[in-house]
Amino acid sequence: DQQVKQNSPSLSVQEGRISILNCDYTNSMFDYFLWYKKYPAEGPTFLISISSIKDKNEDGRFTVFLNKSAKHLSLHIVPSQPGDSAVYFCAASDGKSTFGDGTTLTVKP
Amino acid sequence: DAGVIQSPRHEVTEMGQEVTLRCKPISGHDYLFWYRQTMMRGLELLIYFNNNVPIDDSGMPEDRFSAKMPNASFSTLKIQPSEPRDSAVYFCASSTERRAFFGQGTRLTVV
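Chains A and B are the protein sequences, given in the same order. Counted the way our numbering counts, the first sequence spans residues 1 to 109. Counted the way our numbering counts, the second sequence spans residues 1 to 111.
Accuracy of the hints is not assured; some may be wrong.
Said to hold, decoys possible - 27 Å max Cα-Cα, derived DSS-like pairs, lysine-lysine:
| # | chain 1 | residue 1 | chain 2 | residue 2 |
| --- | --- | --- | --- | --- |
| 1 | A | Lys-68 | B | Lys-78 |
| 2 | A | Lys-68 | A | Lys-5 |
| 3 | B | Lys-24 | B | Lys-68 |
| 4 | A | Lys-108 | A | Lys-54 |
| 5 | B | Lys-78 | B | Lys-68 |
| 6 | B | Lys-78 | A | Lys-96 |
| 7 | A | Lys-96 | B | Lys-24 |
| 8 | A | Lys-56 | A | Lys-71 |
Note that these hints are calculated values from the structure, not bench results.
Please take these sequences and the hints and turn them into a complete structure.
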């Protein structure tokens with residue numbers, strides 16, 4: 001049973017618009033959530049995180065929202081840029097991180 | 001710091017051969033993780049260590065896989081014997097808190 005799910009394998013948006021990537025989890029023991037970005041031929045790199053005691057964390061163009069009751073988190077990128085094109089992994093942690101399958105974001109100029 | 005260093009970057013081997021992947025974590029990090037990425041299964045955790053001690057190896061697919069961490073600065077993931085279905089990108093990551101730092105991965109191809 002997959003504990004962290006990213007139901008959209010891919011997302012395409014126009015430059016300057018908002019990108020919204022979604023993630024659902026099932027384990028109530030997860031208390032920390034992270035987003036990673038991955039370019040081809042590279043390892044994932046940390047992007048932004050949020051503790052379960054918060055419902056929003058913002059860092060520049062990136063904002064992560066957490067809805068604990070729905071066991072859902074999302075990553076908003078505003079405005080989207082072509083350089084944001086990458087695979088985005090959601091991860092949920094209870095000490096060790098469990099990753100979703102990733103969403104490939106394409107930002108078109 | 002140079003980050004997490006993995007070697008080799010690419011490995012092509014014949015079925016039945018032994019394969020050893022290597023990882024040097026970031027100095028001071030007390031957690032080390034081995035992940036495998038495939039198209040079918042995404043990014044899956046194989047095993048992780050805390051202070052050089054294996055904590056959870058439930059993700060290791062079979063007895064053909066083994067991992068060691070003889071000291072705080074080195075870990076290996078060994079596959080013996082290798083099979084074509086082991087072809088994947090293997091990532092090592094280290095962390096001191098919740099945020100993991102990944103190496104660039106080893107792309108393994110078993111023919």
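Margin query: Does A:Lys-5 sit within 27 Å of A:Lys-68, going by the straight-line distance between their CA atoms?
Written below: Holds. A:Lys-68 to A:Lys-5 sits at ~15 Å (cutoff 27 Å).
Check: Has the given pair, A:Lys-96 with B:Lys-24, been kept, meaning a C-alpha gap of at most 27 Å?
Finding: Holds, at roughly 19 Å.
Margin query: B:Lys-78 and A:Lys-96 were given as a pair; does the straight-line alpha-carbon distance stay at or below 27 Å?
Written below: It holds: about 22 Å lies between the C-alpha atoms, which stays within 27 Å.
Margin query: Just to be careful, I want the Cα atoms of A:Lys-108 and A:Lys-54 compared with a cutoff of 27 Å; is the pair within it?
Written below: Distance of about 32 Å is beyond 27 Å: violated.
Check: Can the restraint linking A:Lys-68 and B:Lys-78 be considered satisfied, given a maximum Cα separation of 27 Å?
Finding: The given pair, whose Cα atoms are some 39 Å apart, is violated under the 27 Å limit.
Margin query: Would the hint linking B:Lys-78 and B:Lys-68 be met if the CA-CA limit is 27 Å?
Written below: holds (8 Å)
Check: For the pair supplied as a hint, B:Lys-24 and B:Lys-68, is the alpha-carbon distance within the 27 Å limit?
Finding: Holds - the C-alpha atoms of B:Lys-68 and B:Lys-24 are around 12 Å apart, at most 27 Å.
Next item on the list: Please work out if A:Lys-56 and A:Lys-71 have their alpha carbons no farther apart than 27 Å.
Entry: With a Cα-Cα distance of about 14 Å, the restraint between A:Lys-56 and A:Lys-71 holds, given a limit of 27 Å.
The structure does not agree with the numbered hints 1, 4 stated previously, though it agrees with the rest.
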